[in-house]
Amino acid sequence: MTTLAATSGTEPASRPRGRRPSYGRYVVGKVLGALGSLLFVMVVNFFLFRVLPGDPARSLTRGRVRTEEQLDELRAQYGLDQPLPQQFLTFLTNTLQGDLGVSIRYSVPVSELIVDRLWPTVALVGLSTILATVIGVYLGMVSAWRRGGRVDRLSTGATLALYSMPEWWLGLLLIAGVSVGIGPLPGIFPTGGLNSIDADPGSLSGLLDAAWHLTLPVLTLTLAYLAEYFLIMRSSLLDELGEDYLVTARAKGLRDVEVRRRHAVPNALLPTTTLAALNIGFVVSGAITIETIFSIPGLGLLSYEALSIPDFDVLQGTFLLASGAVIAANLVANLVYGLLDPRVRT
Amino acid sequence: MSSPAPVSARQITRRRRAAAWRRNWALFRGHRTGLAGLGVLGVFVVIALAAPLLADADGLRVTQATGGVLEGPSSEFWLGTDDNGRSLLTMLIWGSRISLLVGLLATAISMLIGTVVGLVSGFFEGWTSRVLYRLTEWFLVIPFLPLAIILAVVLGRSLLNIAIVIGVTSWPATALLIRSQTLSIKERPYLERARVLGAGRWHQMTRHVLPNVMPMVFANTTLTVAVAILSETTLSFLGLGDPTRVSWGSMLEAAFGVGAMTTGMWWFIAPPGICVVLVVLSFTLIGRALEDVLDPRLRDRR
Amino acid sequence: MTPLLALRGLSVAYQTGEGRLPAVRGVDLVVRAGEVVGIAGESGCGKSTLASTLLRLQPKDALVEGEVLVAGRDVQTMGWGDLRALRWAQAAIVFQGALHSLNPVRRIETQIAEPLRLHEPDLSAAAVSARVAELLEQVGLPATRSRVYPHQLSGGQRQRVMIAMALACRPQLIVADEPTTALDVMVQAQILDLLSGLVRDLGVGLLIISHDLSVLSDVCDRVAVMYAGRVVECGSAEQVFTSPTHPYAQALARAFPRVGDATARYAPAGLAGDPPDPLDLPQGCAFAPRCARVVEACVEEEPPLLQVGGRQSACIRVGQA
Numbered sequence: 001m002t003t004l005a006a007t008s009g010t011e012p013a014s015r016p017r018g019r020r021p022s023y024g025r026y027v028v029g030k031v032l033g034a035l036g037s038l039l040f041v042m043v044v045n046f047f048l049f050r051v052l053p054g055d056p057a058r059s060l061t062r063g064r065v066r067t068e069e070q071l072d073e074l075r076a077q078y079g080l081d082q083p084l085p086q087q088f089l090t091f092l093t094n095t096l097q098g099d100l101g102v103s104i105r106y107s108v109p110v111s112e113l114i115v116d117r118l119w120p121t122v123a124l125v126g127l128s129t130i131l132a133t134v135i136g137v138y139l140g141m142v143s144a145w146r147r148g149g150r151v152d153r154l155s156t157g158a159t160l161a162l163y164s165m166p167e168w169w170l171g172l173l174l175i176a177g178v179s180v181g182i183g184p185l186p187g188i189f190p191t192g193g194l195n196s197i198d199a200d201p202g203s204l205s206g207l208l209d210a211a212w213h214l215t216l217p218v219l220t221l222t223l224a225y226l227a228e229y230f231l232i233m234r235s236s237l238l239d240e241l242g243e244d245y246l247v248t249a250r251a252k253g254l255r256d257v258e259v260r261r262r263h264a265v266p267n268a269l270l271p272t273t274t275l276a277a278l279n280i281g282f283v284v285s286g287a288i289t290i291e292t293i294f295s296i297p298g299l300g301l302l303s304y305e306a307l308s309i310p311d312f313d314v315l316q317g318t319f320l321l322a323s324g325a326v327i328a329a330n331l332v333a334n335l336v337y338g339l340l341d342p343r344v345r346t
Numbered sequence: 347m348s349s350p351a352p353v354s355a356r357q358i359t360r361r362r363r364a365a366a367w368r369r370n371w372a373l374f375r376g377h378r379t380g381l382a383g384l385g386v387l388g389v390f391v392v393i394a395l396a397a398p399l400l401a402d403a404d405g406l407r408v409t410q411a412t413g414g415v416l417e418g419p420s421s422e423f424w425l426g427t428d429d430n431g432r433s434l435l436t437m438l439i440w441g442s443r444i445s446l447l448v449g450l451l452a453t454a455i456s457m458l459i460g461t462v463v464g465l466v467s468g469f470f471e472g473w474t475s476r477v478l479y480r481l482t483e484w485f486l487v488i489p490f491l492p493l494a495i496i497l498a499v500v501l502g503r504s505l506l507n508i509a510i511v512i513g514v515t516s517w518p519a520t521a522l523l524i525r526s527q528t529l530s531i532k533e534r535p536y537l538e539r540a541r542v543l544g545a546g547r548w549h550q551m552t553r554h555v556l557p558n559v560m561p562m563v564f565a566n567t568t569l570t571v572a573v574a575i576l577s578e579t580t581l582s583f584l585g586l587g588d589p590t591r592v593s594w595g596s597m598l599e600a601a602f603g604v605g606a607m608t609t610g611m612w613w614f615i616a617p618p619g620i621c622v623v624l625v626v627l628s629f630t631l632i633g634r635a636l637e638d639v640l641d642p643r644l645r646d647r648r
Numbered sequence: 649m650t651p652l653l654a655l656r657g658l659s660v661a662y663q664t665g666e667g668r669l670p671a672v673r674g675v676d677l678v679v680r681a682g683e684v685v686g687i688a689g690e691s692g693c694g695k696s697t698l699a700s701t702l703l704r705l706q707p708k709d710a711l712v713e714g715e716v717l718v719a720g721r722d723v724q725t726m727g728w729g730d731l732r733a734l735r736w737a738q739a740a741i742v743f744q745g746a747l748h749s750l751n752p753v754r755r756i757e758t759q760i761a762e763p764l765r766l767h768e769p770d771l772s773a774a775a776v777s778a779r780v781a782e783l784l785e786q787v788g789l790p791a792t793r794s795r796v797y798p799h800q801l802s803g804g805q806r807q808r809v810m811i812a813m814a815l816a817c818r819p820q821l822i823v824a825d826e827p828t829t830a831l832d833v834m835v836q837a838q839i840l841d842l843l844s845g846l847v848r849d850l851g852v853g854l855l856i857i858s859h860d861l862s863v864l865s866d867v868c869d870r871v872a873v874m875y876a877g878r879v880v881e882c883g884s885a886e887q888v889f890t891s892p893t894h895p896y897a898q899a900l901a902r903a904f905p906r907v908g909d910a911t912a913r914y915a916p917a918g919l920a921g922d923p924p925d926p927l928d929l930p931q932g933c934a935f936a937p938r939c940a941r942v943v944e945a946c947v948e949e950e951p952p953l954l955q956v957g958g959r960q961s962a963c964i965r966v967g968q969a
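Chains as they are written, first to last, in this note's numbering: chain W, 1 to 346; chain Y, 347 to 648; chain U, 649 to 969.
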């Protein structure tokens, strides 16, 4: 969750003279930026375990009894006895080739694990983001139009409350209330897992069964994250409604509804796009806690399981993937924004 | 008309600032939601400070638990007991300390890093500024929980480490805000006048830019605390906190561990979460009210 | 012939938390075809509020009394359908601050074409494009630049775009609200030339609102000076600029130095005091607190607009020693 004003900083324009603005140049710039971010993430990933104080081998095995020989073995296995630049190079080449190490818990390559567990998380995060965006933006738009009205006050109050609760707690409440049932109300949804025991995951009925199981988790994440989209869109539209060009539009003879729909709302969607992209990071984080609560076998639960051992390669792998996903989402949002707002292409 | 006694520049600034504070406070007072938030927060602060008076600290010790296991509310234990027989009410009261303390500490770390980076990258030109800006952007992109998990695992489980982890992962938003504020202040004429009069960079930054950036920093701090407390709760819930200390997040971790939501133990699940919501909501409302008061552009909007 | 614009006893007040704020107090004005009329006054005199009522664009909390007749029909009381048809087609406004009055993310050709498509829906796309190109040529902009965005143009070019846009539906009346503010002097002259050329060639009526009396004296046939919501002096541009009768108009005219007039350099050009607070207007003549020629009769009753020779002045001391 970011404060609304937090990301309003813009880089001062430094357009070289004589170059005409073009979308192509903008795209290249943004893609290079994204690749730079990715490289940075890999560097951070590498250094997290190796440069922090303490002996990596010891922190790897904290809380367990081990001998010096075992520590030496561990060091050799992870290549910790080699000079740092060499380690980094190995790490980089391995990662780029898709070798993300081996899981301590499952004794399976991390990349395999990730592929196995990918789709529930994608479904969860994808659906929640789409729903949260559509509902949040729509409600924000209506609230801004009828500012101070009942819909506005109700929505703002409800979203502020949702904004202030941990998404997983909301999940717990929903499980207790809707899955298990309170008093006379029956429990409707399954309390967890992705498939019922008797369902065949590959078939259509299995797919529907999985969807049924995902309903409550998606609902939880959607409720938790629509607050941010709502608040951003509402604030953004209220900003636009005060602009002069809307007076010009009205003076031309457009109806109020048309003015809003044709001018105010599209322009208000612009800052919403950028800020929404930043929110992806939190949706990805939310996936970890929600999958834990609902026992959905996705990447989030994988991260949680990797916590206790600790299964370092898995943690590194999921961190890399999560960061990569956010960088990719940001890139897409930036490219879309560049299409919509000609002022950033200069 | 006789001229008044000479007044130093410092006195004038001090008077102006005092007047500004009074004006802002008057504006803030008109904000019902902000006041409500302040009130609720006050209640929790009092509870946290008065914890020893309200609940016996021995009640937190597992070995000295007197109640039955996972009992519902009764006249002896108003909120029931946990899986060790400890009074949930006692744990709730003492847990407030942890949540508030860790939240504030994490915010302090985050604001410190964020303010310094934001000021420097906004104020200085050239590649220092650009490098810091890139760094800020890159850190902003990294998703919070995956990074926090790795850091917590590597650093070890303790509340101080949680505070560090939250601080280190949440400074970018603050840095960007302060950077944009600094950039806009840099353009103002009085700074140019100060430069012409010979003010060095350090003097400009601390005497001119910083005081004008502070109001927005203040509003942003409040909102950062809200996020920090939510983050601490989440990290404690995932088991990355101090196992020997009771916090609202760890209470919920225990609740989840015993499957409290499937057995209808609402007294275990609801109260810690409600407390978190109330505290975070109050900080959020205060922060929004402050933003309204301090940023004139927002005043007409909400 | 019906005047293009006729204001009869126009009064506008805002209902604020602190009371009723009168922005315009009983203004009469007429603009005919082929005429250029100017309204001069400082900020806060009510000229912007007046401009907003001409097409019923005033804020919802504004209370309007009197009549605003555009081509003989009262804009303030007609039905919304009629009003929307009238807007831009009968009368168009060139707003000030073109950068903010244009949609920043739409090409200027789209924005100029917008009223065309709205008021003449039967036009083919080709006809619309042709008209847009024609309008751009009319204001001196190359038609090839029609696909740019507002921020890619200079201030003067943007103002021309606003004028081209205003001409789109061939209105009979054009209202220019501060058309030259924030432009360089050279560009100001070009815009003013353009506007007076349009009046000459198209026979439209033009109402220019500005705080800059020298701008108005150049282009207008008649000028009305506003102070505290009322017209205090009204006459031909020459009369108002060179020999004003109302003390405020005199101060306003004096504030602009004339080349070649040596005495102007020494005479104090400013006027002490501030315009009155509309919530707390003084008894009698609103200008009395700042006037050098004030007498007792001035504070008793607000002086009406008196006919003095070929002009009007709201001062009871006109013609007296």
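Take these hints with a grain of salt, some might be off.
Example chain W residues on the side facing chain Y (calculated, C-beta under 10 Å, incomplete) [claimed, not checked]:
1. Val41
2. Val108
3. Pro109
4. Ser164
5. Leu172
6. Leu173
7. Val257
8. Leu278
9. Gly281
10. Ser285
11. Thr292
12. Ser308
13. Phe312
14. Thr318
15. Ala322
Derived CB-CB ranges, DEER-like [claimed, not checked]:
16. Glu886/U to Phe564/Y: 57 to 65 Å
17. Asp72/W to Gly546/Y: 50 to 58 Å
18. Asn370/Y to Leu74/W: 53 to 61 Å
19. Phe390/Y to Glu690/U: 53 to 61 Å
Just some of the chain Y residues that point at chain W, by a computed CB distance under 10 Å [to be verified]:
20. Thr379
21. Pro489
22. Ala494
23. Leu497
24. Ala519
25. Phe583
These are calculated hints, taken from the structure and not from any lab test.
Bear in mind the structure is a predicted one, so any value in this text is a computation, not a measurement.
Where is the CB? At the ideal position from N, CA and C, for every residue including glycine.
Structure-based check of all given hints:
Interface restraint check for valine 41/W: the shortest CB-CB distance to chain Y comes to about 6 Å, inside 10 Å, so the restraint holds. Given hint, valine 108/W at the interface with chain Y, is violated; its Cβ is 20 Å from that chain's nearest Cβ, farther than 10 Å. With a least beta-carbon distance of about 19 Å to chain Y, the hint placing proline 109/W at the interface is violated under the 10 Å criterion. Below 10 Å, beta-carbon pairs count as interface contacts, and serine 164/W has one with chain Y at about 4 Å; its hint therefore holds.
For leucine 172/W, the interface hint holds, since its Cβ comes within 10 Å of a Cβ in chain Y; the closest pair sits about 5 Å apart. The criterion of a C-beta within 10 Å of any C-beta in chain Y is met by leucine 173/W, whose closest approach is roughly 7 Å, and the hint holds. Interface restraint check for valine 257/W: the shortest CB-CB distance to chain Y comes to about 21 Å, outside 10 Å, so the restraint is violated. Taking 10 Å as the C-beta contact cut-off toward chain Y, the hint placing leucine 278/W at the interface holds, the least distance being around 7 Å.
The closest approach between the C-beta of glycine 281/W and any C-beta of chain Y is roughly 4 Å, which is under the 10 Å cut-off, so the hint is satisfied. Contact between serine 285/W and chain Y, as hinted, is supported at the beta carbon level, the nearest pair being about 3 Å apart and thus within 10 Å. The criterion of a C-beta within 10 Å of any C-beta in chain Y is met by threonine 292/W, whose closest approach is roughly 7 Å, and the hint holds. Hint status for serine 308/W: holds, given a least beta-carbon distance of 7 Å to chain Y, under 10 Å.
With a cut of 10 Å, the hint placing phenylalanine 312/W at the interface with chain Y holds, because the nearest CB-to-CB distance is about 8 Å. The interface hint given for threonine 318/W holds, since its Cβ lies 6 Å from the closest Cβ of chain Y, which is under the 10 Å cut-off. Given hint, alanine 322/W at the interface with chain Y, holds; its Cβ is 4 Å from that chain's nearest Cβ, closer than 10 Å. A beta carbon spacing of about 59 Å between glutamate 886/U and phenylalanine 564/Y agrees with the range 57 to 65 Å that was offered as a hint.
Between aspartate 72/W and glycine 546/Y the Cβ separation comes to about 55 Å, which falls inside the hinted range of 50 to 58 Å. Between asparagine 370/Y and leucine 74/W the beta carbon distance is about 58 Å. The supplied range of 53 to 61 Å therefore holds. For phenylalanine 390/Y and glutamate 690/U, the Cβ-Cβ distance of about 54 Å falls inside the hinted range of 53 to 61 Å, so the restraint holds. Interface hint status for threonine 379/Y: upheld, as the beta-carbon distance to the closest one in chain W is roughly 9 Å, under 10 Å.
Proximity of proline 489/Y to chain W holds as hinted, the smallest CB-CB distance being about 4 Å (cut-off 10 Å). With a least beta-carbon distance of about 8 Å to chain W, the hint placing alanine 494/Y at the interface is held under the 10 Å criterion. The closest approach between the C-beta of leucine 497/Y and any C-beta of chain W is roughly 7 Å, which is under the 10 Å cut-off, so the hint is satisfied. A cut of 10 Å between beta carbons decides the hint on alanine 519/Y: the least distance to chain W is about 4 Å, and the hint holds.
Taking 10 Å as the C-beta cut-off, the interface hint given for phenylalanine 583/Y holds, the closest approach to chain W being about 7 Å.
Comparing the model with each earlier hint shows violations of hints 2, 3 and 7; every other hint is respected.
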